[in-house]
Structure formats: structure tokens, C-alpha cells
Amino acid sequence: MKCQYCEKPATFHITELTEPSGPKIMHLCEEHARGFLQKESDSPVASVTNALAKQLQLGQSKKELAELDQKECPVCGISFFEFRNTGRLGCPYDYSFFEADLVPLLRNIHDAVEHVGKRPRRLAASADSQAEMIQLRREMEEAVELEDYERASEIRDELKRMERELSIPASDDDDASSSEGENQS
Amino acid sequence: MNQETDFTNLAKSSGEWLRGTGPESDIVISSRIRLARNLADFPFIRRCSDEDRDSIERTVRARMEAMEDWKDIRYIDIEELSEVDRQFLVERQLISREIADADGSRAVAVDPGEQYSVMINEEDHLRIQVMQSGLDLQAAWARIDALDDKLEGSILYAFHQKYGYLTACPTNVGTGLRVSVMLHLPALVITRQIEKVFRSMQRINVTVRGLYGEGSQYSGDFYQVSNQVTLGHSEKSLLALVGDEVVPQIIQYERKARAFLIEQNQQDLHDDVSRAMGILSTAKKISSEETMHYLSKVRMGVNLGLISDVEVATINKLFIHTQPAHLQKLHGRVLGSSDRNVQRATYLQRHLTGRQGKGELN
Numbered sequence: 001m002k003c004q005y006c007e008k009p010a011t012f013h014i015t016e017l018t019e020p021s022g023p024k025i026m027h028l029c030e031e032h033a034r035g036f037l038q039k040e041s042d043s044p045v046a047s048v049t050n051a052l053a054k055q056l057q058l059g060q061s062k063k064e065l066a067e068l069d070q071k072e073c074p075v076c077g078i079s080f081f082e083f084r085n086t087g088r089l090g091c092p093y094d095y096s097f098f099e100a101d102l103v104p105l106l107r108n109i110h111d112a113v114e115h116v117g118k119r120p121r122r123l124a125a126s127a128d129s130q131a132e133m134i135q136l137r138r139e140m141e142e143a144v145e146l147e148d149y150e151r152a153s154e155i156r157d158e159l160k161r162m163e164r165e166l167s168i169p170a171s172d173d174d175d176a177s178s179s180e181g182e183n184q185s
Numbered sequence: 001m002n003q004e005t006d007f008t009n010l011a012k013s014s015g016e017w018l019r020g021t022g023p024e025s026d027i028v029i030s031s032r033i034r035l036a037r038n039l040a041d042f043p044f045i046r047r048c049s050d051e052d053r054d055s056i057e058r059t060v061r062a063r064m065e066a067m068e069d070w071k072d073i074r075y076i077d078i079e080e081l082s083e084v085d086r087q088f089l090v091e092r093q094l095i096s097r098e099i100a101d102a103d104g105s106r107a108v109a110v111d112p113g114e115q116y117s118v119m120i121n122e123e124d125h126l127r128i129q130v131m132q133s134g135l136d137l138q139a140a141w142a143r144i145d146a147l148d149d150k151l152e153g154s155i156l157y158a159f160h161q162k163y164g165y166l167t168a169c170p171t172n173v174g175t176g177l178r179v180s181v182m183l184h185l186p187a188l189v190i191t192r193q194i195e196k197v198f199r200s201m202q203r204i205n206v207t208v209r210g211l212y213g214e215g216s217q218y219s220g221d222f223y224q225v226s227n228q229v230t231l232g233h234s235e236k237s238l239l240a241l242v243g244d245e246v247v248p249q250i251i252q253y254e255r256k257a258r259a260f261l262i263e264q265n266q267q268d269l270h271d272d273v274s275r276a277m278g279i280l281s282t283a284k285k286i287s288s289e290e291t292m293h294y295l296s297k298v299r300m301g302v303n304l305g306l307i308s309d310v311e312v313a314t315i316n317k318l319f320i321h322t323q324p325a326h327l328q329k330l331h332g333r334v335l336g337s338s339d340r341n342v343q344r345a346t347y348l349q350r351h352l353t354g355r356q357g358k359g360e361l362n
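First to last, the sequence lines map onto chains A and B. Residue numbers 1 to 185, in the working numbering, belong to the letters of the first sequence in order. Residue numbers 1 to 362, in the working numbering, belong to the letters of the second sequence in order.
Fair warning: there could be bad hints in the mix.
Capping the alpha-carbon separation at 30 Å, the derived lysine-lysine pairs in DSSO-like fashion look like this [claimed, not checked]:
(1) 2(A) x 284(B)
(2) 160(A) x 150(B)
(3) 150(B) x 8(A)
(4) 162(B) x 71(A)
(5) 12(B) x 196(B)
Only some residues are given here: those of chain B computed to face chain A with a beta carbon under 8 Å [unchecked claim]:
(6) 43
(7) 51
(8) 112
(9) 113
(10) 116
(11) 168
(12) 175
(13) 231
(14) 234
(15) 330
(16) 331
(17) 334
Because the hints were derived from the structure by calculation, they are not lab data. Here the structure is a predicted model, which means the values were calculated and not measured. Each residue gets a CB set at the ideal place from its N, CA and C atoms; glycine is no exception.
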């Protein structure tokens, strides 16, 4: 993770407890941390939204940012603007849909972009199939609202079938977590 | 048993994690591991409809209730709880402030020993938590891993081949794992070395937080150390980072500081600890802040052998039981701040001296 004020690695993760609005977490390099600890005023808000703001300022023009902000996930409808304001994503498919913009953020936060560790023994075949299931569920709720119970029950059966058929055994062996990750801490 | 009776009984007991036993329990109060998980076929909480939340809650509940070895589970509907009861669960660390304050369907499943809690519809669909007394992350991990395995047997998790377990906030993605160790570090605070110790641990990805007592009152001697990143490291390496690397170092510093205090200033230290004990066991009214402050000193005094005939488990229990919602549950009615101060003093007195006063709690 990089310092929220400069490009150096953040080696201090400080939680500021004196803010009236609650605790604030900061990620700082040694130099900025020293400055902060000596001064302890104007504490900045460190969060996903700040990391994003910094990342976007560095990488994109105003026009590009405005375009990105309007991008909306076809499954949950969340806009990139909403995500960068709240720091929360709307559905699992967002990781695929906003992938290009999320990867630099993940690198910034975790200093890594690939999961190493436990995997479920069965998982949905693909991001697309997970997205399809979410969309079907929405349609089912709409059908219930319209009192079209026949359609709703059809969708329910379809969802059950998908969960059964789309879930595939995870291919990686159980020891993946212990081997790959050890060297990276 | 109805929920009201259930909670009143719960208020009289304390969770396993407050036993005051386990490795390094003179300094480590508890180890906690949580996993963030989401169902594959629902949007994340923020974009869930009311129906979605109801459906998630019903689905998870039904699947948990069908699980073998999980028969004694206490399943609590948070939406139906009074503000005091929600606060009560927050004080016991069984639910987060966030889920207590949220709207809509949400619940928590707790085992009788209060070692496990599974929050449903918090920031993620599932927040699975295991608490353990002392520093024993391996045991805690074995437990939570087994529970997670059982849950994934009946619930299809949102998972990405590359990014791992998908979470509402990108700060939790990957393992979804947060390892937190709660430390009692009074000697490092007294000797003003606490900041230096944390500053010396530069290269490591851990977060250190002070703990809160009533409201947002900061309690100075308790610190929680947690892993910062969740992606790109295995669960085992994150456990090792916190449990084998960072926490033992802090423990060592705290022990050195305690030894220094004993050596340099035993009389002053003994006086300080005894006065704290004196106030706690004789005051007629006392605030939550003062209670935390003096209990911290007494806890250190017990661990250093300066105070005898009080168990660490008792002190641990008092930290939780003297908090506002606990006092009100024990007293059986809503109490204003000033009444609570009186009840708190009475409760402390009874548990620290064994003396029975007038009109006190059972």
C-alpha cells in the first residue's frame, strides 16, 4: 500500500481516535507519519474513497473521470460514482465489470491483486453465471410483485437448478493456502 | 425460553473468551478471527431489496439450523430487539455497532459458549466470527475454518478465481479474513513507550486501534492489533504475521516495561494499583470511564502479584458487565446515566469485596 500523501510505501497505519465523527484510519509513509505524529492536526480521511480519489487524479483527465463515473453495472446498477463515494460495491459482478479500474485500487490497498489461500470446495462456474443468478432473482421478485406466481416458481426452479449444476468443484488442491502464501508475508 | 429471559440469563454469564486463561493471558485478553462471505446469487447488502434481505436471512437461517453439531445455536432477530438489547450484544462483542444500527432484516447466530457468532446482513451477507481467550490463533482458525466449510456445504459463496472471496468493500476481498488480538498494555502506556513500540514496527501490515468504552470514550490501555491486507496472502501467513510475529513482540515489550516498573518503582506502582482497587471497591457512584481506568490498573496489579484474592477472569468480566446495557439488563429496567453510576459502583463493590450492599443487583 502506498502513502496517501506520496508515492512511497505506507508503513504506518494509524487510527486517529480524537475525531468527533469517529475513528479515522490513515496510511502513511515514515516521513508523513512523523509529521502527523508531531502535529496531530488536520488528520486526513484515509479510506477506499481517498485512495480512489488519489488514483483517479493521477491517472485520468476530468473528461475520462466523468465518463467513468457514469459507468453502471448491468447487474446491480451501481455507478462508479456511487462506488467511489461510498467505498462499497453493489454485487459480485462488479469485480468483473469494473475490473480495469479496480485492479489498481486493489494493488494500492493490498499490494497484490491475486488471491492466495482458501478456496471453496464448490463454486459458481463463472462470474457471468453468478450475475445471471442475481438477475433471475430480481425477475422472480418482480413476478411476485405482479402476482405472477407461476412465473416466479419457474424462476425459483431455474435458480435451484443453476445452483446445483453451475457449482463446480474448485480445481485447486486444499494445500494451496499453505504453500504459496507463506513466502509473501 | 423467551428472548427477554434469555438475555437476562445471558447477562449474568460471560463468554468463554473472558475466562482469562490461554497462552499469554496476562497481556492478551482475546483472539478473534472473522471471515467475510457473500452469497453468490444476491447483490451485496447495499443494493439488496428488502425482499433480498429477508430471503438471505431465511435461507441462511434454515441452512444453519439444518447443520449437525450446531443444534444449540441461539438465533437472534436483531430487527426485533430494543435499543438496550442491541447495545447489550455490542458490549458482548457478539454483533457490530454497524449491524445494531442498520435497518431491515438482519440476525446473529450465537453458540452457548459465545465462541462463535455469525452475523447475517451486516456489511457482507455473512460475517463469521470466532473468539478465544488468550493468544491462540491456530485453535481459533481451526474452529472458524471448520464452520466455514460446513456453511459452504449448503451455501454457494460469491467467489472469483482470481480475486478470491468477493466482498462489498475491496479492503476485505481475497481471504475475507481479519485476525484481531486484543492486548492489555498498561505498562507501555505508563512508561510512554507505546507510540515508540508501534512506530518501531514499520514494515508490517498491521493496524493498531485503541478500544472504546461507553459511547466513543477511548480507553487508553487496550489495543487491538489486526492484519491490514486480505488479498495476496494465505490465511496461514496472515495468522503467522499477527500471531507469531507482531503480537509476541508487543508482549515482550510490555513484559519488559512491567519488569522495569517493578524494579524501579515497586512502592509507587503498588500504591497506584491499591488505590485503584480502593476506589473500585468503595466508591458509591462511578462512571464507565473511571471504571475502565481503574480496572486496567487492578488487572495489571493482579498479573504482577501485587493484588491477590481477585481472579483475572473476574476483572475481565467486570469490564463487560459494568457497561451501560449490561447494567440495565442485570437491573431489569432502563437506567439513566446517574442511576447507572450508582448501580455500577454497587456491582463493583460486590464482586471485588464479596460484600452485599443495599438494593443491589442480583
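| Supplied contact hint for residue 331(B), tested at 8 Å Cβ to chain A | Residue 331(B) check fails; min Cβ-Cβ to chain A is 29 Å, beyond 8 Å.
| message | Quick check on residue 43(B) please, does its C-beta sit within 8 Å of some C-beta on chain A? | response | 4 Å, holds
| message | Less than 8 Å between beta-carbons is the criterion; does residue 112(B) satisfy it with respect to chain A? | response | Constraint on residue 112(B) not satisfied, violated at 27 Å.
| said: So, as I understand it, the hint says residue 51(B) touches chain A; can you test that by seeing if any CB pair is closer than 8 Å? | reply: 5 Å, holds
| query | Holds or violated: residue 150(B) with residue 8(A), Cα cutoff 30 Å? | reply | 42 Å, violated
| said: Does residue 330(B) hold up as a contact with chain A if the rule is Cβ-Cβ below 8 Å? | reply: 28 Å, violated
| said: Is the interface hint satisfied for residue 234(B)? The criterion is a beta-carbon contact with chain A at less than 8 Å. | reply: Holds, because the Cβ-Cβ distance from residue 234(B) to chain A comes to roughly 2 Å (cut-off 8 Å).
| residue 334(B) as an interface hint toward chain A, with CB separation required under 8 Å | Violated: closest Cβ of chain A sits about 25 Å from residue 334(B), beyond 8 Å.
| request: Grab the minimum C-beta distance from residue 168(B) to chain A and call the hint holds if it beats 8 Å, violated otherwise. | output: 5 Å, holds
| said: Does residue 113(B) hold up as a contact with chain A if the rule is Cβ-Cβ below 8 Å? | reply: The hint is violated - residue 113(B) has no Cβ within 8 Å of chain A, the shortest such distance being about 25 Å.
| field | Proposed interface contact between residue 116(B) and chain A, which counts if any beta carbon pair is under 8 Å | value | 18 Å, violated
| field | Pair hint outcome, residue 160(A) versus residue 150(B) [Cα-Cα no greater than 30 Å] | value | Between residue 160(A) and residue 150(B) the Cα gap is close to 19 Å, so the pair holds against 30 Å.
Going through the hint list in order, the structure does not satisfy hints 1, 3, 5, 8, 9, 10, 15, 16, 17.
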